[in-house]
Amino acid sequence: MLILECPYCGVKAEETELAAGGEAHLKRYGPGSSDDEFHDYLFMRENPKGVHFERWRHANGCGKWFHAARCTMTLEVFGTYTAQTSVPTQEILDKIAAKRPGWTWREFADGKK
Amino acid sequence: MKRYSVFAVAREALRYHTGWERAWRSPEPKRHYDVVIVGAGGHGLATAYYLGKNFGITNVAIIEKGWLGGGNTGRNTTIIRSNYLQDPSAAIYEKARSLYETMSQDLNYNVMFSPRGVIMLAQTEHEIRGYKRTAHANQQQGVQTEWITPERVKEIVPIINLHGPRYPVLGGLYQERGGTARHDAVAWGYARACSDMGMDIIQKCEVTGVRTENGRTVGVDTTKGPIDCDKIGMIVAGNASVLSEMAGFRLPMESVALQAMVSEPIKPCMDVVVMANTVHGYMSQSDKGEMVIGGGTDGFNNYTQRGSFHHIEETVRALVETFPMVSRLKMLRQWGGIVDVTGDRSPIISKTPVQNCFINCGWGTGGFKSIPGSGWAMAELMATGHSPLTEEFSINRFKEGKFIDESVAAGVAH
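Top line first, the protein sequences correspond to chains S and F. Under our numbering, the first residue of the first sequence carries the number 1, and numbering increases by one thereafter. Under our numbering, the first residue of the second sequence carries the number 1, and numbering increases by one thereafter.
So that you can see chain F by itself, here it is in the shape it has in the complex (with noise of 0.2 angstroms):
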């Protein structure tokens, strides 16, 4: 793999910009692979990365039904904070945000992390009390929070109406380091660094069955042929239940659809990333101008990756309020991905009834934030058989009651 410099950019534009290679290589899938991924995402695509940079397995496929990242790693409003209430999921998010610091120097790829912050509104008197918990939870937990006056939160972000009628912003929880990052390139840096390893990378490839034998995976069939492997890891967001049945497991899960929309591009007003929970409406600005805006989920199972109109209205009238001046902008797109939600709306990484056969999925709204910190308890898991991150993730817990009692899918209750 060539390297991505300031002298290979100077190198190309001296030679009309002919040496690029591609980022990743597209081969036939072999007939063995030690580890297959089902699902090449954020999550799928990081898995792989830590297995071979961690534990140096690189005789690894990626599988993937569409195309590299095409899934919720495209379609998400690409927000990444840590401010979670409880330890295990405070520990695995702040492992990701962590991971989001270093990513571009680390995957030689610009991911175009921007710690811009993260404001969480409180907007009645218990998320107040709600988010004071957390910031001092997030104290103990080693995550730098804390919380914030209106008067600074109107120091943050200018265009914010304090004194809404129905809800005033009262405070709020504000993490620092947190902020976004551009997802396509999180995908395909984690793609170019696995490809650079020896993994194949195999796209438009489906897996229409998971063989076993005798209680334990032998491997996958697929739209390009059967392949053996010794473990596989599914890691396939809305689609788990799908696969998991594949195996002969069933999950304690639901699929449902989550819409997020861009503005017109305007000129820069916010530097902040601004979530609204009460109200069920978050905001950011990208880099182009847009003005990124997500919702909430429907309330019913949907696998067409497109949303119900009436949410859109939902979404946009809470931000109203809060920011007079989305009412003059013009929406320009909106979009829809299907986000697994578990019964305690924690994500499950945990081993399977089936033997070596891994899966990670169920979170939900709040999937892309995690990809390095899940990519990295995923691959130990399955390299080693255990994770410290991954221990109160079990798939067990609804069984044994120990459920982590937050929304981690996001700070709403969705």
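Isolated chain S, as found in the complex (with noise of 0.2 angstroms):
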């Protein structure tokens, strides 16, 4: 089962405790932007086999909005962090590099987004 640390009130939730909010960091286009941009905003997902940022609401606890860092293919959780950051923290990106070597994650470090 699923547990996730909400890093706001500290409680270890557990999967029903929380609904989850898809995708993390994604920029949000407005008025004047172009189509494509539009299109990736509401519609293209990352969708990784790995590392993955995502949103989560502690929903049945202090309601709070907080971002988590999750392996898709093994369901290990790296860590949660705060929902005022629009990229992934340093400490949250250390703690990914310290058990993936090598990983990075590519969309910021390639500054594509």
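In case anyone wonders, no lab produced these hints; they're calculated from the structure. It is possible that some hints are incorrect.
[Unchecked claim] So, partial list: chain F residues that the calculated Cβ filter (under 8 angstroms) puts toward chain S:
id : residue
1  : Ser241
2  : Glu254
3  : Phe300
4  : Thr304
5  : Phe398
The structure presented is a predicted model; accordingly, all values stated were derived computationally and were not measured. C-beta atoms are modelled at their ideal positions from N, C-alpha and C, and glycine is treated no differently.
Put the two chains together into one complex; each comes in its own frame, and the hints tell you how they fit.
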């Protein structure tokens, strides 16, 4: 069973307490953006087989949104971190690098997004 | 290929069954094929089969990472129906359902298609309106369905409890020619027919890269060496995003786990498939007597082929009210598969930004029932570059805003 520690209230919450919110750190586009930008923002997803950054809400707890880094292939949780950031924190990137040597987040590393 | 028949059975009975041959060959890959299909599941094998049968393209390799039919083809609840609201989905699913009717004869392989009927229960006022509308739409589309009253539901399904306290049964959408088939046999039957046409089914061979030159695909790299090809068809369900990334394009897709389970075998008690979409549970009885139960998907991305335990509880809890006898059943086995869910929950059967590279994915929770129709349409698209069945399922529909506005993946709000 998936267990995530809520970075706000510190509770180790199991799955039924949480609501999944999909891929994290999407860049939001507003009026004046191109069709391609809207298309990618609304529909295109990373869907990696491996390290995934995602949004979660501590729905049946403190009710707050937060971020988590998780491996979709092993269900290993690397950690959770604050929602007040638009990119993964250095701390979480270090945690992942410690367990997955050589891993880089290509989208942010390449500056594609 | 030796044909299966009653005479073959009699002949083999007289010689201790020593004359049965292997259903398909397991060759080493050649250096070049006209078409490479990645993924030997139902959809991949069906595509290869109709490429050969309808278009005479038989220099085909079907490459499979694991074993044939070992992914979602072997992990579903084997339900076949075509009672969809929107025209594009009704068309392709009805094509598939009608091909299932004659599949055993067509493939000379008993796929045990059993048109036992499918009822989708209406348990809220909204569902009554929704299903009546679907029944009307189906009449226009030439799909035979009807709206039935609770009394008629009880007649067809005597074990049902119509007057549950929370979700009473208010009627149902009934498709009499829907039903089930033996899922493994569908894959095996297609595989046998493909192999007989001279196609190579290469198992335990993982694609590690897709080679492109000047924006067109020229081959794949695999764990058994590089294979050149003129056209490539990616039909890998939950792993579609991984493969598309190798080819250099992205998909509007997320992979999630979907679970199902079977109970201990019991005496025949339900000769119809019942789906309760409000509470996310559906049930049928297999020929072995097990109650086959399917539920909803997990909410998060997952590639592990196992789902969350609490979903099992939720699914069974949902069914207990409508089928009180379920509470006394022991569950025997539970399993999960990775389904590929798109932005509008409808499949993608389409050309891609890479020339000569075609993709068929996004069937999500509704893949098994569509196997022959999907293969038929995909083969036509790959052979001729155009298929009327796939027009609306283009990858470009997300950009154009031409969504197919229903959860094709299941009649439920996943």
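(Q) Tell me if the interface restraint on Glu254/F is satisfied: Cβ within less than 8 angstroms of some Cβ in chain S. (A) Result: holds, 5 angstroms to nearest chain S Cβ.
(Q) Would the hint on Phe300/F be counted as holding, given a Cβ-Cβ threshold of 8 angstroms to chain S? (A) holds, 4 angstroms
Q.
Is the interface hint satisfied for Ser241/F? The criterion is a beta-carbon contact with chain S at less than 8 angstroms.
A. With Cβ-Cβ at 4 angstroms, under 8 angstroms, it holds.
Q) Measuring from the C-beta of Thr304/F to each C-beta in chain S, is the shortest one below 8 angstroms? A) Given a least distance of 6 angstroms, the restraint on Thr304/F holds.
Q: Verify the interface restraint on Phe398/F: the C-beta must sit less than 8 angstroms from at least one C-beta of chain S.
A: holds, 5 angstroms
Violated hints: none; the structure is consistent with every hint.
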